[in-house]
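Visitor: Those sequence lines, one after another, are chains A and B. Counting from 1, position 214 in the first sequence corresponds to residue 437 in our numbering; the numbering is continuous, with no gaps. Counting from 1, position 137 in the second sequence corresponds to residue 150 in our numbering; the numbering is continuous, with no gaps.
These are computed hints drawn from the structure, not numbers from a lab. Just so we're clear, the structure is a prediction, and the values are computed from it rather than from any experiment. Certain hints may be false.
[As the list claims (entries may be wrong)] Listed next, with one range per pair, are the computed distances between beta-carbon atoms:
hint, chain 1, residue 1, chain 2, residue 2, range
1, A, 291, B, 148, 35 to 43 Å
2, B, 15, A, 291, 54 to 62 Å
3, B, 146, A, 406, 18 to 26 Å
4, A, 407, B, 32, 54 to 62 Å
5, B, 45, A, 338, 25 to 33 Å
6, B, 123, A, 512, 54 to 62 Å
7, A, 524, B, 123, 50 to 58 Å
8, B, 301, A, 603, 51 to 59 Å
9, B, 62, A, 436, 21 to 29 Å
10, B, 125, A, 370, 42 to 50 Å
11, A, 406, B, 162, 22 to 30 Å
12, A, 405, B, 214, 51 to 59 Å
13, A, 291, B, 62, 31 to 39 Å
14, B, 60, A, 407, 36 to 44 Å
Backbone N, C-alpha and C fix where the C-beta goes; we use that ideal spot for every residue, glycine too.
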Amino acid sequence: MKKPLIASMLAFATMLAACGGSPPAASSSPTTGATATGAAADPCGVPVKAKCPAEAQNVTGAGATFPGPLYTKWIDQYLQITGVQINYQAIGSGGGIKGFTDKTVDFGASDVPLTDAQFDAIKEGLYMVPMALGAVVPTYNVPNVTAPIKFTPEALAGIYLEQIKKWNDPKITAENPGVTLPDLAITTVHRSDGSGTTGVFTDYLSKISPDWKTKVGSGTTVNWPGGVGGSGNAGVAGAVKNQPGTIGYVELIYAIQNKLGYGVVKNAAGKYIEASLDSTTKAADGFVSPDFGNLKGQQAKLSITNSTNADAWPISTLTFLLLPKDFSDKAKGLAILRFAWYGTHEGQAFAKDLGYAPLPSAVQKAAEEVLKSITSGGSKLLKVNP
Amino acid sequence: MTRSIDRAFAAGVAALAMLVPLTLVAITILILIDSWPALTTFGLSYFSTTEWDPVKLVFGAAAYVYGTLVTTIVAVLLATPIAVGAAIYLTEFAPRAVRAPVAFTIELLAYIPSIVYGLWAIFVMVPVMRAVVEPGLQATLGQLPVIGKLFSGTPIGLDLLSGGVVLAIMILPILMAISREVLLAVPPTQREAMIGLGATRWEAVSRAVLPYARPGIIGGAVLGIARAFGETMAVTMVVGNSSRDISGSLFVPGYTMASAIANQFVEADSELYFSAIVEIALVLLLVGIVVNALARVLIRRSIADRPAGAVV
Chain A
224 MKKPLIASML AFATMLAACG GSPPAASSSP TTGATATGAA ADPCGVPVKA KCPAEAQNVT
284 GAGATFPGPL YTKWIDQYLQ ITGVQINYQA IGSGGGIKGF TDKTVDFGAS DVPLTDAQFD
344 AIKEGLYMVP MALGAVVPTY NVPNVTAPIK FTPEALAGIY LEQIKKWNDP KITAENPGVT
404 LPDLAITTVH RSDGSGTTGV FTDYLSKISP DWKTKVGSGT TVNWPGGVGG SGNAGVAGAV
464 KNQPGTIGYV ELIYAIQNKL GYGVVKNAAG KYIEASLDST TKAADGFVSP DFGNLKGQQA
524 KLSITNSTNA DAWPISTLTF LLLPKDFSDK AKGLAILRFA WYGTHEGQAF AKDLGYAPLP
584 SAVQKAAEEV LKSITSGGSK LLKVNP
Chain B
14 MTRSIDRAFA AGVAALAMLV PLTLVAITIL ILIDSWPALT TFGLSYFSTT EWDPVKLVFG
74 AAAYVYGTLV TTIVAVLLAT PIAVGAAIYL TEFAPRAVRA PVAFTIELLA YIPSIVYGLW
134 AIFVMVPVMR AVVEPGLQAT LGQLPVIGKL FSGTPIGLDL LSGGVVLAIM ILPILMAISR
194 EVLLAVPPTQ REAMIGLGAT RWEAVSRAVL PYARPGIIGG AVLGIARAFG ETMAVTMVVG
254 NSSRDISGSL FVPGYTMASA IANQFVEADS ELYFSAIVEI ALVLLLVGIV VNALARVLIR
314 RSIADRPAGA VV
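Bound conformation, chain B alone (with noise of 0.2 Å):
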C-alpha cells in the first residue's frame, strides 16, 4: 500500500520536474515555427544587413545585434570594477557592522521593477547624461585619436551609453552578490598564509584571494551579461530606439533585440513583419541559453574545483 504510494508519489513529482524543460523545449519549437518563414526568406543576410523595413518587407537585424552587443558590453565594463571592488571591501575590508547593511542594499537594487529604472534614467538620468556626462566626454576623451571616435555626434541622452549606463546600475546586484559569495568562499588559509608571509593585506587580496576566486567572478560577469542581453524595458526608453547605420558612436540612438520586439511585436500586422521579429526573439533565446549554461560551468568551477586540503 505505501509503496504503491511511493511510486504514485515519485511519477507525479517526476512530472512536475519534467513540465520545466518540455515547456522550454516547447517554446523553442514554437518561436522555431513561428520564425521560418523569416529563416527561410533571409537567410544570413538576417544577421548581416541593417535595413529594417516593414512597409518594403526587408528585414536585416544587424543594428539590433550592434545595439544589444555595445550597450552589454558598456554596461559590463562599467559595472564589473564597481561590483567587484564593492565586494573586496565588503569581504576583506568592511568593519563587520558595515557588512550586512551595505550588501543588503546594493541586492535591494534588483527588486526595484525594472519599468521604475526607466522612469528615473528618461527624468534624471538622460538629461544629466546629456548636460554634463557626454559633453564632459566629449571634450576630454572624445579629444584622444581612434577612441575619440566613440564620443562623437551630438549629445541628446537618448543613446547608446545611455542604455549601457542603465543595463550597468540593473546588473550591480547581481554581479556584486555573486562576487561577494565567491569571495567569501575563498578559504581563511589562503589569505592567512600570504599574510603569514608578510604580504599586505591588499597583496594577500590581489595575489591570493582575486586568483583564486576569478573564475566564479568572471561567471557573475556571464550571468549579469545574460540579464543586459534580455533586458527590455528600461532600455527601451532610454536607448533612443532607431537603427540607423553602425556608426561606431555611443552617441547615436539603437535599437537592442528586446526592445525592438517589444516596441514592433504588437503592430507586426503581416505574416513576414511578424516571423521577422520573432526570429529575433529565436536569437535572444539561443545566445541567453549559452550565456547561463558558460556562467554555470565557470561558477561550478571556482566554487567545486578547491585545491586539495582546502578549508571553506
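Bound conformation, chain A alone (with noise of 0.2 Å):
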C-alpha cells in the first residue's frame, strides 16, 4: 500500500510543479494514469531523467561487435544520469546469442536475425529490438582507377562466385564506361572469423543471386567459393591495401573512419547509389514490423537489404538487442529497458557522429512497442512518463 501512495504524492507535486510549464503534458496524464500505477514524472519511467531506485545497479550484456562503440557510448550516458553500470561485452552476435540462450548475460546483442533452431532453443521466448543501422560496403585495390567503380548485384555475386575473374569483364566494364579497368586477377577477400559483417553480405547476394542462394547460402560463415580470409574488419581492410586487384568488404563506418574508397552498388530500384548513413536509414524506410511476438519464421523481415526504396544503399542491416518476453529479475529488466529507451530515443542523436544510422520513425516507433510490452512476473515493467 505504501508504494502507490507515495507514487502518487510525488506524481502530484510534480504534477503541481509543471502546471506552469506544459499545459498539454499535464493534461494528456490521466489516460495513462489509468493505466500505469499513476504517476505524472515517476523517475522509474521513461524518458529517462533520473536515478531509479527500483533498478538494479549493475547488469550485463554481450553480442555484435558492429554496435559495440555506439552502445558504450550509451552507457556512459545512462551511467552519469542513473549511476546504472552496464556492462557490454562485443564479442560477436553468435556469442551474444549462445549467451542468451544460455543465460549467462542479462541481455543479447546480434546483428543477424536467429535461426528457427535458435529461436526453438529459447523456450521463453524473446524480442529482438531494432536500436540502430549499419551499412556493409565493398572495398578494392585496382591501381590506377580514381572513379569509385559501379557494381551491378550480379557483378558482386558473380567475383565472390569466382565466376568473373578479371576486372576487365565485360559485366564489370559495361557499367563503367570511361574507367580504364585492367586486365588484373580478382581475388576476393572475406571475414575469416564469423561476424555479422559476413552475414549481412551473405544474405545480400543470397537476396539478389539464386545461383549464391543454392550454392553458398547466407550466415556468420559460410563455405566461400575462394579467395582469402583475413579476421575482422582490419585485416580484410589490411589485405585489400596490400595486394593490388582484391576486392573485399567491410562496414561503412570502418571504411569511413580508415579513409577507405568503396564502390558504388545498383539498388533494387536500378539506381546506383553510394553508401552513407542518409542512404542506410532509407533502407528501413519500408521496413514492415514483423510479429514481434513469434519472429520464428519471419526473419526475412527483419532483414532490410536489397530494400526496395529508390534511394536505399542495398547492403545495410539493422542491429538489435535480444531481450526476454518476461524477466525474471525485475529489478534487472527495468534497468534494461530503460537503457533500451534511452538508446533508441535520445541515445540516437549519437549515431551520425560515431558512424551509425539512425532509426527512421517507423522502425522508432516499432521498438517503442515492443519495450513497451515486455514484463515481469507478468505484469509489465516500463511506465511512459507523459
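The two chains are supplied separately, each in an independent frame; assemble them into the complex guided by the hints.
Guide: Here you go:
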C-alpha cells in the first residue's frame, strides 16, 4: 500500500510543479495514469531523466561487435544520468545469441536474425529490438582507378562466386564507361572470423543471386567459393590495401574512419547509390514490422538488405538487442528496458557522429511498442511518463 | 605429532600433484562429450573431406589438417638447419665472448608474444613475401619439374608458405636451445678422441658430435612440431584462412586447425557446428600428446643412454 501512495503524492507534487510549464503534458496524464500505477513523472519511467531506486545497479550484456562503440556511448550517458553500470561485451553476434540462450548474460545483441533452431532453443521466447542501422560496403584495390567503381548486384555475386575472374570482365566494364579497368586477376577477400558483417553481406548476395543462395547461402560464416580470409574489418582492409586486384567488404563506419574507397552498387530500384548514413537509414524506410511476439520464420522481415526504397543503400542492416519477453529479475529488467528506451530515443542523437545510421521513425515506433510490452512476472515493467 | 603433520603435508602435495593430470583428463572428457555429435554424424569422412559448410551443416576438416601439416613441415624444414647450425657454431666454434649473448638473443625470441609475431608478419613479412620472395621462387624453383608445382599460382603473400615461415621463426628458439643443450651434453672425450686421430674440426663435429646428439636434436624438432601444431594467432594472421580444395601449391591461402578454431569458435551457433569445431580441438589435443611423448622419449635417450664410461 505504501508505494502507490508515495508515488501518487510524488506525482501530485510534480504535476503542480509542471503546471505552469507545459499544460499539454499535464492534460494527457489522466489517460496514461489510468493504466500505470499513477504518476506523471515517475523517476523509474521513461524518458530516462533520473535515478530510479527500483532498477538494478549492475547489468551485463554481450553480443555484436558492430554496435559496440555506440552502445558504449549510451552506457556512459546512462551511467551519468542514473548511476547504473551496464557492462557490454562486444564478443560477436553468435556469442551474444549463445550467451542469451544460456542465460550467462542479462541481455544479448545481434546484427543478424536468429535461425529457427535458435528461436526454438529459447523456450521462454525473446524479442529482437532494433537499435540502429549499419551498412556494409565493397572496398577494392585496383591500381590507377580513382573514380568509384560501379557494381551491379550480379557483378558482385559473380565476383564472389569466382565466376568473374578479371577486373576488365564485360560485366564490370559495361557499367563503368570511361573507367579503364585493368586486365588484372580478382582476388576476393572475406572475413575469416564469424561475423554479422558476413551475415549481412551474404544475406544480400542470397537475395540478389539464386546461384549464390543454392551454392553458398547466408550466415555469419559460410563456405566461401574461394579467396582469402582476413580476421576482422582490419584483416580484410589490410589484405585489400596490400594486394592489387583484391576486393573485400567492410562496415561503412570502418571504411569512413580509415578513409578507404568503396564501390557504388545498383540497388533494387535500379539506381546506383553511394553508401552513406542517409542512404542506410532509407533502407529501413520500407520496414514492415514483423509479429515481434513470434519472430520464428519471420527472419526475412528483420532483414533490410536489397530494400525497395529508390534511395536506399542495398547492403544495410538493423542491429538488435535480444531481450526476454518476461524478465525473471524485475530490477534488472527495468534497468535494461530503460537503457534500451534511452538508446532508441535520446541515444539516436549520438548515432551519426559515431558512424551509425539512426532509426527511421517507423522503426523507432516499432521498437517502442516492443519495449512497452515486456513484462516481469506477468506485469508490464515500463512506464511512459507524459 | 610431527608424523601426523608430515602425513598431512604428503597428502596435501599429493592432491596438488594429482590436480594437473586430472585437469588433462577432465579437458579430454569434456572435449569428447562436446565433439560427440560431430564424431557420430561424420565419422571418418570428417578427416577425408574438405567441405566445411556451416550453412548446410556439412563438416570435413581435411583441408585444416592439410594446412596444419604443410605449414608445420615448411616450418621444421626451414628452422632445423638454422637452429642446428647456430647451435654447432655456439658450442664448437664461437669465441667464449660471443656464445652467451647470441644464445641469449635467440632464446629471447621465445618470449615474444605470438600476436607480435603476427603483426610483424602481416606488415613486414607478407609484403616482402608477395613482392620479392614468392615471385623469386616462382622464377627459379618454380620452373623445375614436379617441385615447380609447389610454387604455382598467384603470389598473394597470405598463404601456406607465409604461415610456414612465421612458424619457422617461432619454433627457432626452442629448437636452438635444445640442440645447444644436447651438443653441450656430448662428452668432450668424443671430440678429443677424433681430433687426436687427426680429424679436422668439421670431421669431429660431423662424425663424432652430431651422431651422438642426433636423437636429442630430433627430439627438439619434434617439440618444435608440437609448438607449430598448436600455434594460433600469428599463423591465423598470415595463412589466408580459406579452406579451398587441397591443391599442392604453397602459394594458395590455407587454413590450419588452430586458426579454424580461433576464427569460428565464437560464432559457432548451432550444436553440430560447435561440436565440429570442438572435434578439431580433440584432434589437436591427441596429436599434441602423442608428439610430446615421442619427443620426451627421444631426448631422454640421447641424454641418459650414454655409452658406458663417457664423461659428461
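Visitor: Decide, hint by hint, whether the structure agrees.
Guide: Evaluation of the provided hints:
1. 291/A <-> 148/B: 35 to 43 Å: About 40 Å separates the Cβ atoms of residue 291/A and residue 148/B, which means 35 to 43 Å holds.
2. 15/B <-> 291/A: 54 to 62 Å: 60 Å, holds
3. 146/B <-> 406/A: 18 to 26 Å: 25 Å, holds
4. 407/A <-> 32/B: 54 to 62 Å: 59 Å, holds
5. 45/B <-> 338/A: 25 to 33 Å: The hinted range 25 to 33 Å holds for residue 45/B and residue 338/A, with Cβ atoms some 27 Å apart.
6. 123/B <-> 512/A: 54 to 62 Å: 58 Å, holds
7. 524/A <-> 123/B: 50 to 58 Å: 54 Å, holds
8. 301/B <-> 603/A: 51 to 59 Å: At roughly 54 Å between Cβ atoms, residue 603/A and residue 301/B fall inside 51 to 59 Å, so the hint holds.
9. 62/B <-> 436/A: 21 to 29 Å: With Cβ atoms ~23 Å apart, the hint holds.
10. 125/B <-> 370/A: 42 to 50 Å: 44 Å, holds
11. 406/A <-> 162/B: 22 to 30 Å: 26 Å, holds
12. 405/A <-> 214/B: 51 to 59 Å: With Cβ atoms ~57 Å apart, the hint holds.
13. 291/A <-> 62/B: 31 to 39 Å: Check passed, 37 Å falls within 31 to 39 Å.
14. 60/B <-> 407/A: 36 to 44 Å: 38 Å, holds
Of the numbered hints listed earlier, not one is contradicted by the structure.
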